[in-house]
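Student: Sequence:
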Amino acid sequence: MSLLFLLVLFQWATTSEAYKIGDCGIVYEKTHPLVGDGTDAEHNQFPWHVAIYKLGKNSAYEYICGGSIIDSEIIITAAHCIFNETAQDIDYSPMMVVTGKYNGSWDIHDDQGRGQRLEVIKKNVRPSYRGLQSLYDQDIALLALNDSIIFSDIVMPICIEWDFMNMPTDGELGVFVGWGYDSNNVLSKVLQVTRVQPVNYIDCRKRMEKGTTFYIMGDKFCVKTPDDESTLERGDSGGGSVFKRSFGTGEEAKEKYYLYGILSSARDATNHSYIFTNISSHVPWINSTKLQLIDESKTRRVCGIRTPINYTMPGGFVRSYTNYPWLATIYMKKNGKFFGIRCVGTIIHQRAIITSTWCIKDTRPHYKGVEFRVITGKHELYMNKKEKEDGHLDHTITKYHRQQNYVDWNSRTENDMVILIIEPGINFTTAVVPICMDWVRRFQITEKVGMIASWDIDECHCQVVANYTYLNITDCAEAFQDEEEYQTYVTSEKVCGRYHNGTRFLYGSDIGAGFFFYKNGTTKHYLQGIVSRGRPTDQDFLIFTNVELNLRWISDIVLSIYNPGSWY
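Per mature numbering (1 follows the signal peptide of the UniProt record, and there is no 0), the sequence shown runs over residues -18 to -1, 1 to 550.
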C-alpha cells in the first residue's frame, strides 16, 4: 500500500462521518465548499440525487431525468419524466435508478462501489395529471424500487419538512444539481451544481417570456439563478431545489438540506427563470402514496408463491394438495346465518380483494338483506361446521369499488371487475399471500397456459385448479365460430381462455376467479384476468376482464386505502 494511498485514506477518515439511521440531507464531506456557480459538483457531494434511465429502442439505457431519494425504496421526481403524452398514460418502458452517480453516462461506473442500480417497479403520478394537456399541473411522481437503497455517508435521502413552516423566502439561496443537456444536445459529463433563488409570482411573470407564464399553476413556484450565472436545461427535470436549515445547538449543531421543489417541464432559460412543482401542495398525496408503495414493496417479496401443504380433514383423512394462498372466498349471510358460497376472489393487498362485480350484486327478491363477507386463508371449505382449521380470517367488506365503466347488458358485462376493501387487514404468511401484479408491464406472457383456482363444492370441498390457454382478442374472434356470440361476449376489454386440461369447473362456480400465469421464467404467479359472468354457451371457453388494461385504476383504488380524503 503506497504512502500516498494511506494519506488519502487518512484524509477521508478525518473529513467524513458515519451515516446514522434517520439521517437525511447531510453533506459529510467538508473539504470542499457546497455551493457552486454552475460548475462541476464534487463526487458524492449531493447524496440524495439520483439519475433515472429509460430503456430505449436500441435496447440501451438512456438518461432521462434526475430525482431525489425520500425513502429507502422511494424516489421523487417530475411526472412528465415518466408520462407518455401520446397515450395519456404512464410510460411503461423499463426504467432504472442509479444512486451515488457522478458521471451521467449509463456506461460509466463511478460510484466508488457504494452506489446501486435499481429497477423501477412501480410509477405513480397524480390521478388527474395530463402533462402538457393540463399545462403540467401536478407535475410530481413517486417511483418504487425493486430493492432497498443502502444508505451511507454518500447515499442518503433528502429531508422533507412535512409541515412546511419554513418555506424559502424571496432571494434565499438554495441549491440545484443535474446533468442537463447543452445546446448541442450533449449530456453533461459530470453532475453540475448551481445556486437558485425563489422569486415571487409577480416578478416571475415579469421575467418569463410571453407564453411561458401559462405554466405557473397554483402548485408551482418560481426560481431564478442569481446574477444569471447559469441555466437549467432539458435533462435537469425531476431534480430538486433544496435549501439549508440548521438544527441542534452548540457542538451538536448541524445543517441539513430540505427539498421544497421539483423542476417541472416549463422554463425560460433565456431569462434564467424556472418553474418548480411545490411539494407542499402535494403532502397528503406524497404521504399516502409513499405508504402504499412501501406496503406494495413488502407485498412483492411474498406475492405469487405457492407452498404445498398437507392438511388433515375432519375424520383423520389426510389430503395432500397444492395450496393457492391468494384465493379468497366470498360468502353470504342473512339474518346472522350462513346463506351460501357466492364466488371466489383474489387477494391483491392486505386490505383488497379483486373479483367480478356480479359477486356482490344481485337484485333477485330472495337476496334482499344479504350481507357479503370474505374469508381468507381457508384450505377446506366447511362453512356450516365448527372448524378446527387455523389461519383463516373472516373479513367485513367496508367499501366496494366497482370499475367505473361497468355495464351489465343482459350478461354482456363490460368491465366486470370490483375491488373489495376489507377489515381486518391480512397478515401474510406462507399460507396466505397475495397474487403478483405486473404494475409496469415488465413481463410478457411466455407460457400460454394459465390457471384458475376455485373450490370443489360438491366432493372434496378443497381447492381445485383448471388450466386454460390464453387467447387475445384477435384469437378469440377466430376461435368463436358463431359471430353473433363473439360480438355479445368478447368486448374490447376482455381476453379469452380455452380449456386445456385439469378439472373443468361447473358453470358459475368460477365467476370472479383470477386467471394467473408464471411470467417471464419467474417462479411467481401474476394476475392477468378475472373470470367474467358473461360467457359463451360453449364451456370450453371462458371470458376474462383484462387486468392489464386496468392497472392504473387498480393502483388508484389501492392508493385510496391510505388516504380516502377528498383530495383524491
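Everything labelled a hint here was simulated from the structure, so no lab data went into it. Ideal Cβ positions, reconstructed from N, Cα and C, are used throughout, including at glycine. Incorrect hints may have been included.
To be verified - Across the chosen pairs, the derived CB separations fall in these ranges: (1) S116 - E353: 37 to 47 angstroms; (2) Y481 - G193: 57 to 67 angstroms; (3) K430 - I132: 20 to 30 angstroms; (4) P208 - Q386: 26 to 36 angstroms; (5) T505 - P109: 11 to 21 angstroms; (6) I455 - F196: 15 to 25 angstroms; (7) K430 - R283: 22 to 32 angstroms; (8) I455 - K316: 32 to 42 angstroms.
Student: Using the Cβ atoms, figure out if S116 sits within 37 to 47 angstroms of E353.
Tutor: Given range 37 to 47 angstroms: holds, Cβ gap about 42 angstroms.
Student: Should the hint that T505 and P109 are 11 to 21 angstroms apart at their CB atoms be regarded as holding?
Tutor: Violated, since T505 and P109 (Cβ atoms, about 33 angstroms apart) do not stay within the stated range.
Student: Could you check the hint for me, namely that Y481 and G193 are 57 to 67 angstroms apart, CB to CB?
Tutor: holds (60 angstroms)
Student: At the C-beta level, are I455 and K316 separated by a distance inside 32 to 42 angstroms?
Tutor: Cβ of I455 to Cβ of K316: about 40 angstroms, so the range 32 to 42 angstroms holds.
Student: Quick check: does the Cβ-Cβ distance between I455 and F196 fall within 15 to 25 angstroms?
Tutor: violated (41 angstroms)
Student: Please check whether K430 and I132 have a Cβ separation lying inside 20 to 30 angstroms.
Tutor: violated (39 angstroms)
Student: Taking the Cβ atom of P208 and the Cβ atom of Q386, is their distance within the range 26 to 36 angstroms?
Tutor: 49 angstroms Cβ-Cβ, so the 26 to 36 angstroms window is violated.
Student: Do the Cβ positions of K430 and R283 conform to the proposed distance bound of 22 to 32 angstroms?
Tutor: holds (28 angstroms)
Checked against the numbered hints given earlier, the structure breaks hints 3, 4, 5, 6 and satisfies all the rest.
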